[in-house]
Amino acid sequence: MTILIDKKNQVAEKIQPTGFLKYFSFSLDHKVIGIQYLVCGFLFYLVGGTLASAIRIELTSPISDFMPRDVYNQVLTLHGTIMIFLWIVPVVNGAFGNYLIPFYVGARDMAFPRLNAVAFWLIPPSGLMLITSYFIDGAAQAGWTAYPPLSITTPQSGQIVWILSVLLLGGSSIFGGINFIATILKLRRPGLKLMQLPMYCWAMLGTSILVVLSTPVLAGTLILLSFDIVANTGFFNPVLGGNVVVYQHLFWFYSHPAVYIMVLPAFGLVSEILPIHCRKPLFGYKTMVFSIMGIVVLGLVVWAHHMFTSGTPPWMRLFFTIATAFIAVPTGIKFFNWVATMWGGEISINSAMLFSCGFIINFVFGGITGVALAQVPFDIHVHDTYFVVAHFHYIVYGGSVFVIFSSIYHWFPKVTGKLLNEKLGMLHFALTFIGFNLCFAPQHWLGLNGMPRRVAEYDPQFQFVNQISSLGALFMAISTIPFLINIFLSAKNGEKSGDNPWEALTPEWLTSSPPPVENWKGEAPLVTEPYGYGSELTDKDT
Amino acid sequence: MLNKSSYLIFIISAVIGISFWIGFNVNLLPAEASINAPIYDELFKILFIIGLILFIGMSLIVLYSLFKFRKREGQVGDGIALEGNLKLEIIWTVIPSIIVLFVGLYSYNIYDRMGGMNALNHDHSVMENNSEKIWAGISQSNNNISLIDTNIEVSAMQFAFLFNYPKGDFISGELHVPVNKEISVRMESKDVIHAFWIPEFRIKQDIIPGQPTILNFTPTKVGKYPIICAELCGPYHGGMRASIIVQEESDYQDWFNQNKKDELKA
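First to last, the sequence lines map onto chains B and D.
Numbering-wise (my numbering), the first sequence opens with residue 1 and increments by one.
Numbering-wise (my numbering), the second sequence opens with residue 543 and increments by one.
Just so you know, not all the hints are guaranteed correct.
[As the list claims (entries may be wrong)] Here are the simulated DSS-like pairs of lysine-lysine, each with C-alpha atoms no more than 27 Å apart in a straight line: (1) B/Lys423 - D/Lys610; (2) B/Lys521 - B/Lys423; (3) D/Lys629 - B/Lys286; (4) D/Lys629 - B/Lys496.
These are calculated hints, taken from the structure and not from any lab test.
Keep in mind that this is a model prediction, so the values were computed, not measured.
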């Protein structure tokens, strides 16, 4: 069998199942793997969302009455871990990256197809392992940050399973990162220059650099933590002379870049979606590239802003304040460029566009609270409160998840050859946008006024605002219903889209929809102007 | 054209005006009860106003573009082939950089006024061997504090705070302090990481096992305020609260004298 695979992709294809079954196989096709990532991620999103609903139900009353307190801590730990490591990171990187990058560079597959399949197949078992740990001896309950000594003193089995699961997911992420770097740098179609690549390639290059540089640090840290738990070592155990703050430094050295691992690909996806639906070139291509790389460099040197109350020396607080605040500059450039891309366009108002605009508005809000949080004196009051919870949900939900939905509406015709229903799509958008803001905007006030995060019980004066927040969460939960109906109905009976329903110029649209296994029937097209809207490229008369 | 630019000026000034109005009239913060609080609120107000201007401005531009440049029925063709504009891009690199630098320096100034950049006073070293390294939270001042009895030792454990008054040799479950006096607490955790947060004082400091931390503050308003643990510390984390009771000097002395060990009562 191995001999067959080694020969050529076409041969490998013959021994692999076709049709629906291929999505359950160890497929080497980057398009199949992309869909595997997406669907698998979405299933975990439903689990994480259920856990979020449980949290919001618990918080409708100021006393702990919906679930036992230790279960509540398990639920919030699983919610955070699942949403980050099993939904957003695999989907914005793995799903869209695998599906789109080979098209964008003009290749027939990723550089390492089998590594690619291995990277995906690490995810379902580690996710299932994480979830089943709840039913065996209780899941981890020290939060997704797993700060020692709490993570050392809570029940061991759950914490160890959590560590193993995150290690496997980190491994998957590193495999993916290496693959993307190799594909983007080495598999480009002859004649295609780096500065002609669609912006998502640059976003994935930057993200993959972050993944490869920072994830190993997390892995090392978690291995040391597991030694502390099972072998009674004292790296982070203060009873044995360990230092708990060192863990925080190491953890955030990965986990702050992890924020960019979640949002940079989203930035890239928006940069693909906006020009197409606005019928205008992406504004400021070069500055977009520089700002991505600026974010990558700055993103590696800002981690200690998560530790302003941990007892860091004043000079360190000052340095990390300035470095963090300066990330707003390259990020701001990207937002101004997107708005300039919209300005003067011929904008189709559709679900993909609405979710992208929702992303811009939400993310600007989250970015502004982020700059505020970077300021040491500001952070000292609101650190570890609901203000922070609200802030990062504006970044990862209002930002990344909105972009994921936007991308699904945008690329659904590519994958299935059918259009999604626009009415259901707009209902989905309205419910998500209203629900999201209703859920998270009030939490800023809660944090400012004295509600810490990760609590099951709180001061009764906060009950009303918490109930508003829970109502928003209900809207968000309901919003998945029209979305799922839309996906299933449209996949079955949706309107035929044709090969290129958006009349796009990026290479993935220059083949049939759905694309053939080898991506293009003939040679890959050389696309040097992926955003050449308004020029002779799209002029119908010529 | 004149009309267009006067509209623009009107809208920009309206956005700025509304942001200032909201910034000065909408209070999102709890009561101010320490020297830190009004300084913090000043920073908050500035950040709030800048944030509002940016957020309202960006949202308006996005909504306006969506409306103004929407594709009408039957419309075909593309927008203008505009790929960039160096002048614009320089503007929106330089202006945010200036804002960020201003905010950074301003918050440094605020932090300095809160006492964050001060070396801690060393009164505590009287009580311990000098070799112990203490990590600092905010320290209000370098003034030599003569009142040793406002040096309080806080122990945090799952799931309670205990306040030890070394001068009176007693332990209290509530933190009593005199108003308008600088208080210095030395905090240590018996088990996991906790945090000491008084929202009305706008201060917070983690309490770290194996690593004492110090926090100095000066209450300015008599009253009872919550002390909240802000770092996840286990199942009862949400219930880990205590109270700080700020009293007039004389009331505080009465309370202190009532509680202090008999042999210390002269």
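Comparing the hints with the structure gives:
A distance of roughly 22 Å separates the Cα atoms of B/Lys423 and D/Lys610; the hinted pair therefore holds under the 27 Å criterion. Distance restraint check for B/Lys521 and B/Lys423: the Cα-Cα separation of roughly 34 Å exceeds the 27 Å cut-off, and the hinted pair is therefore not satisfied. For the given pair, D/Lys629 sits about 14 Å from B/Lys286 by alpha-carbon distance, which is consistent with the 27 Å threshold. For the hint linking D/Lys629 to B/Lys496, the alpha-carbon distance of about 44 Å lies beyond 27 Å, and the restraint is violated.
In summary, the structure is inconsistent with hints 2 and 4 from the numbered list given earlier, while agreeing with the others.
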